Amino acid sequence: KQEVTQIPAALSVPEGENLVLNCSFTDSAIYNLQWFRQDPGKGLTSLLLIQSSQREQTSGRLNASLDKSSGRSTLYIAASQPGDSATYLCAVKGVNYGGSQGNLIFGKGTKLSVKP
Amino acid sequence: NAGVMQNPRHLVRRRGQEARLRCSPMKGHSHVYWYRQLPEEGLKFMVYLQKENIIDESGMPKERFSAEFPKEGPSILRIQQVVRGDSAAYFCASSPVRTYEQFFGPGTRLTVL
Numbered sequence: 001k002q003e004v005t006q007i008p009a010a011l012s013v014p015e016g017e018n019l020v021l022n023c024s025f026t027d028s029a030i031y032n033l034q035w036f037r038q039d040p041g042k043g044l045t046s047l048l049l050i051q052s053s054q055r056e057q058t059s060g061r062l063n064a065s066l067d068k069s070s071g072r073s074t075l076y077i078a079a080s081q082p083g084d085s086a087t088y089l090c091a092v093k094g095v096n097y098g099g100s101q102g103n104l105i106f107g108k109g110t111k112l113s114v115k116p
Numbered sequence: 001n002a003g004v005m006q007n008p009r010h011l012v013r014r015r016g017q018e019a020r021l022r023c024s025p026m027k028g029h030s031h032v033y034w035y036r037q038l039p040e041e042g043l044k045f046m047v048y049l050q051k052e053n054i055i056d057e058s059g060m061p062k063e064r065f066s067a068e069f070p071k072e073g074p075s076i077l078r079i080q081q082v083v084r085g086d087s088a089a090y091f092c093a094s095s096p097v098r099t100y101e102q103f104f105g106p107g108t109r110l111t112v113l
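From first to last, the protein sequence lines are chains A and B.
Our numbering numbers the first residue of the first sequence as 1 and each following residue consecutively.
Our numbering numbers the first residue of the second sequence as 1 and each following residue consecutively.
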């Protein structure tokens with residue numbers, strides 16, 4: 001059974017700092033991994049999608065890496081801003097579980113607070 | 001291209017009533033997924049549908065919950081005889097094919113009094 005863990009559960013940093021959010025998963029047989037952002041009371045915004053054959057993806061100040069063999073992904077945020085404050089969720093789409101292998105398995109998220 | 005649309009955004013029901021949640025996927029997306037986010041918990045998969053077919057309902061409670069995605073119209077998640085424990089945010093996502101990126105709607109926040 002796939003389990004996704006995100007560490008830390010919460011993180012507070014001063015504005016301008018570079019930071020790393022961690023995600024680990026127990027079953028390395030995955031199709032892809034997605035990072036999302038969720039603002040309080042809102043839906044999920046997809047930030048980056050990494051296919052299983054890829055090692056990293058970049059979008060603006062965000063960089064996500066994937067090490068499938070070790071079951072780890074990191075989300076790097078450069079030059080953090082107060083507007084980056086949100087909960088960041090990691091989710092994997094697996095190969096071996098679920099009759100359809102269509103659903104995402106989510107971690108519980110890292111709640112990020114960037115102080116001005 | 002409009003994103004995934006869900007309505008209503010907020011729904012209040014009394015115990016024993018029925019709740020109907022609607023989801024319109026992004027244009028060109030034929031795969032729909034429903035997830036539930038309970039307070040202080042992560043998102044949990046409920047059901048995966050394609051047009052007129054339930055592909056995987058392994059995450060759905062066995063009783064009171066049902067889902068459909070008809071040939072025409074939105075996908076519907078139906079909860080009969082709601083109980084307080086059903087209070088949660090229900091999110092719908094869509095993708096063009098199974099292995100592709102999923103795009104999420106804004107969610108429906110269900111409160112059961």
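To be clear, the hints were calculated from the coordinates, so they are not data collected in a lab.
It is possible that some hints are incorrect.
Straight-line C-alpha distance at most 27 Å; calculated DSS-like pairs for lysine-lysine [stated by the list, open to error]:
1) A:LYS1 - B:LYS71
2) B:LYS62 - A:LYS68
3) A:LYS115 - A:LYS68
4) A:LYS111 - A:LYS1
5) A:LYS108 - B:LYS71
6) A:LYS68 - A:LYS108
7) A:LYS42 - A:LYS115
8) B:LYS62 - B:LYS27
9) A:LYS42 - B:LYS44
10) B:LYS27 - A:LYS111
11) A:LYS108 - B:LYS51
12) B:LYS71 - B:LYS44
13) B:LYS27 - A:LYS42
14) A:LYS1 - B:LYS27
15) A:LYS1 - A:LYS115
On the chain B side, residues computed to face chain A include the following (Cβ under 8 Å) [claimed, not checked]:
16) TYR33
17) PRO39
18) GLY42
19) LEU43
20) TYR48
21) GLY59
22) PRO61
23) PHE65
24) GLU68
25) PHE91
26) GLU101
27) GLN102
28) PHE103
29) PHE104
30) PRO106
Being a predicted model, the structure only gives us computed values, none of them experimental.
For glycine and all other residues, C-beta sits at the position ideal for the given N, C-alpha and C.
Take a quick look at whether LYS1 (chain A) and LYS27 (chain B) sit within 27 Å of each other, Cα to Cα. violated (33 Å)
Hint check: 8 Å Cβ-Cβ cutoff, GLN102 (chain B) to chain A: Holds: closest Cβ of chain A sits about 6 Å from GLN102 (chain B), inside 8 Å.
Hint check: 8 Å Cβ-Cβ cutoff, GLU101 (chain B) to chain A: Interface hint status for GLU101 (chain B): holds (4 Å vs cutoff 8 Å).
Proposed proximity, LYS115 (chain A) with LYS1 (chain A) (alpha carbon, max 27 Å): violated (38 Å)
Do the alpha carbons of LYS111 (chain A) and LYS1 (chain A) lie within 27 Å of each other, as the hint requires? Answer holds: LYS111 (chain A) to LYS1 (chain A) is near 25 Å, not above 27 Å.
Mind checking the alpha carbons of LYS1 (chain A) and LYS71 (chain B) for me, to see if they're no more than 27 Å apart? Violated, at about 33 Å.
Has the given pair, LYS62 (chain B) with LYS68 (chain A), been kept, meaning a C-alpha gap of at most 27 Å? This hinted pair is violated, its Cα atoms lying about 34 Å apart.
The hint names GLY59 (chain B) as touching chain A; please verify it with the least Cβ-Cβ distance against 8 Å. Where the cut-off is 8 Å and the nearest Cβ of chain A is about 7 Å from GLY59 (chain B), the hint holds.
Next item in the hint list is PRO61 (chain B). Is there a CB on chain A closer than 8 Å to its CB? violated (15 Å)
Pair hint LYS108 (chain A) and LYS51 (chain B), alpha-carbon separation not exceeding 27 Å: Cα-Cα ~30 Å, so violated.
Would you check the hint for LYS27 (chain B) and LYS111 (chain A), treating anything up to 27 Å between C-alpha atoms as holding? Answer violated: LYS27 (chain B) to LYS111 (chain A) is near 32 Å, above 27 Å.
Identify whether the interface hint at LEU43 (chain B) stands, where standing means a beta carbon of chain A within less than 8 Å of its own. Result: holds, 4 Å to nearest chain A Cβ.
When held up to the earlier numbered hints, the structure conflicts with 1, 2, 3, 5, 8, 10, 11, 14, 15, 17, 22, 23, 24 and fits the remainder.
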